[in-house]
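Take 671 as the starting number for the sequence shown in the numbering used here and just add one per residue.
Bear in mind the hints are in silico, worked out from the structure with no lab data behind them. Any given hint could be a false lead.
[As the list claims (entries may be wrong)] For each label pair, taking beta carbons as the anchor points, the in silico distance ranges come out as: (1) Leu740 / Val673: 17 to 23 Å; (2) Val724 / Lys748: 28 to 34 Å; (3) Gln690 / Thr761: 31 to 37 Å; (4) Gly766 / Glu697: 19 to 25 Å; (5) Ala759 / Gly682: 41 to 47 Å; (6) Val724 / Leu755: 37 to 43 Å; (7) Leu755 / Gly686: 42 to 48 Å; (8) Gly686 / Gly746: 34 to 40 Å; (9) Gln685 / Leu755: 38 to 44 Å; (10) Thr761 / Ser701: 24 to 30 Å; (11) Gly757 / Gly682: 42 to 48 Å.
Think of the CB as a built atom: it goes at the ideal place given N, C-alpha and C, for glycine as much as any other residue.
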Amino acid sequence: IKVVVRSRPLTGTEQGRGDQVAVNCAEDGCSIEVMADTVAGSTQRQRGVSKQGVMYRLDRIVAPDAGQGLFFDQSGIKPLLLSALEGYAATCFAYGQTGS
Numbered sequence: 671i672k673v674v675v676r677s678r679p680l681t682g683t684e685q686g687r688g689d690q691v692a693v694n695c696a697e698d699g700c701s702i703e704v705m706a707d708t709v710a711g712s713t714q715r716q717r718g719v720s721k722q723g724v725m726y727r728l729d730r731i732v733a734p735d736a737g738q739g740l741f742f743d744q745s746g747i748k749p750l751l752l753s754a755l756e757g758y759a760a761t762c763f764a765y766g767q768t769g770s
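Please put together the full structure from these sequences, using the hints given.
Okay, structure coming up:
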């Protein structure tokens with residue numbers, strides 16, 4: 671199992687409200703930080719989340735500004751699809767916001 675994440679940039683509406691990016695991608699390409707208190711005006715704290723946020727290490731982080739082609743190349747989907755075409759069982763689970 672490999673986990674690959676690509677977060678989306680803020681929309682114009684979100685920027686206009688003063689929202690902040692909730693996820694920071696580290697330059698190592700494998701670490702992501704989920705930030706605490708990222709909603710404008712929020713004072714709510716989540717249990718176990720420090721002021722700095724929570725770090726996760728994944729197989730790959732693709733930059734928010736990456737296009738579909740770059741995501742396809744960096745995500746590891748291509749070898750998975752080629753294996754499926756050769757007759758091997760393969761599964762890709764993708765999750766994302768509608769319209770993102």
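To test your reading of the hints: which numbers does this structure violate? none
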